[in-house]
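K.L.:
The UniProt record's numbering puts the first residue of the sequence shown at 1, with every later residue one more than the last.
The set of hints was computed from the structure by calculation and includes no laboratory data.
Quantities reported herein were computed from a predicted structural model and do not represent experimental measurements.
Accuracy of the hints is not assured; some may be wrong.
Here are the simulated DMTMM-like cross-link-like pairs (lysine to aspartate or glutamate), alpha carbons at most 25 Å apart as the crow flies [to be verified]:
1. Lys-114 x Asp-28
2. Lys-42 x Asp-184
3. Lys-199 x Glu-95
4. Lys-199 x Asp-184
5. Lys-114 x Glu-95
Taking CB as the label site, the calculated pair distances span [what the hints assert, rightly or not]:
6. Gln-65 x Gly-211: 19 to 27 Å
7. Asp-113 x Leu-148: 41 to 49 Å
8. Gln-65 x Glu-117: 44 to 52 Å
9. Lys-199 x Arg-82: 45 to 53 Å
10. Pro-209 x His-87: 15 to 23 Å
Where is the CB? At the ideal position from N, CA and C, for every residue including glycine.
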Amino acid sequence: MRGESHNVSAVAHYYTLPDTPYNLWLRDELAEQLHLPNDGTKVEVVGGEMVVSPGPTYDHNLIVQDVQRALFAAEMADPGFRWRCVHTMDLNLSEIRDGYIPDLIVLDVDTSDKAREAQARHLLPDQVGLVLEVTSRSNAADDRQPALSRSTGTKWNGYAQVGLPYYLLVDRAPRSAQTVLYSDPDPASGAYLHFESWKFGETIRLPEPFGLEIVTDAWRPWDG
């Protein structure tokens with residue numbers, strides 16, 4: 001398991017879990033088994049490993065809100081705009097037995113209506129058009145394309161393996177401070193074959209089928 005130092009209890013229970021991390025995550029039992037506090041701390045299964053992360057900071061949440069507001073503004077301006085979004089929603093990558101909680105999930109209006117009617121507890125990759133992840137200091141490596149020294153996959157690999165069409169990564173690390181849109185996933189290799197990037201302060205222009213602009217003037221890297 002990977003996580004912050006405050007998750008001592010989680011480490012203590014790693015070898016006594018009654019089922020696999022993925023199965024427990026799927027049943028919404030993993031956080032309880034790890035005795036995690038109810039303070040925004042989240043647990044995901046990335047590359048087959050449990051990843052425990054503290055709740056996001058305020059500026060992190062505002063970046064997510066900026067993307068959400070751009071989607072809502074497009075919907076208000078054009079009744080035919082077909083995209084909706086939801087945050088803090090579980091995404092079940094059953095094909096690779098991973099479970100993520102993206103910062104934002106974008107799906108078309110028909111799929112959104114059906115998920116709402118079904119009172120869905122998890123979404124599946126084939127229901128999703130785009131996912132947003134905003135990096136945090138504690139777990140940024142889990143969101144990015146993996147380093148050569150890494151022995152397990154990241155969300156970048158997982159999203160590509162299940163064929164998720166678009167992965168929007170806002171990397172707040174001071175050395176990068178950019179947004180990258182990954183597309184053209186290759187499930188066989190677990191890699192995205194195309195990307196486009198924007199520095200903070202530049203306007204993100206998502207291509208069709210979204211046709212959306214996102215202003216990033218207020219976005220800043222984390223301190224340090």
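K.L.:
Now look at each hint and say whether the structure bears it out.
P.N.:
Status of the hints after comparison with the structure:
Between Lys-114 and Asp-28 the alpha-carbon distance is near 22 Å, which keeps this suggested pair within the 25 Å criterion. The straight-line distance between the Cα atoms of Lys-42 and Asp-184 is roughly 29 Å, outside the 25 Å bound, and the hint therefore fails. A hinted pair counts as satisfied when its Cα atoms are at most 25 Å apart, and Lys-199 with Glu-95 does not qualify at roughly 34 Å. Only pairs whose Cα atoms come within 25 Å are accepted, and Lys-199 paired with Asp-184 is accepted, the gap being roughly 21 Å.
With a C-alpha separation of about 22 Å, the suggested pair Lys-114 and Glu-95 falls inside the 25 Å cut-off, and the hint holds. Restraint check, Gln-65 to Gly-211: a C-beta distance of roughly 21 Å satisfies the suggested window 19 to 27 Å. At roughly 43 Å, the beta carbons of Asp-113 and Leu-148 sit within the given window of 41 to 49 Å. At about 26 Å, the CB distance of Gln-65 to Glu-117 disagrees with the hint of 44 to 52 Å.
Between Lys-199 and Arg-82, the C-beta spacing of about 29 Å breaks the proposed range 45 to 53 Å. Between Pro-209 and His-87 the Cβ separation comes to about 21 Å, which falls inside the hinted range of 15 to 23 Å.
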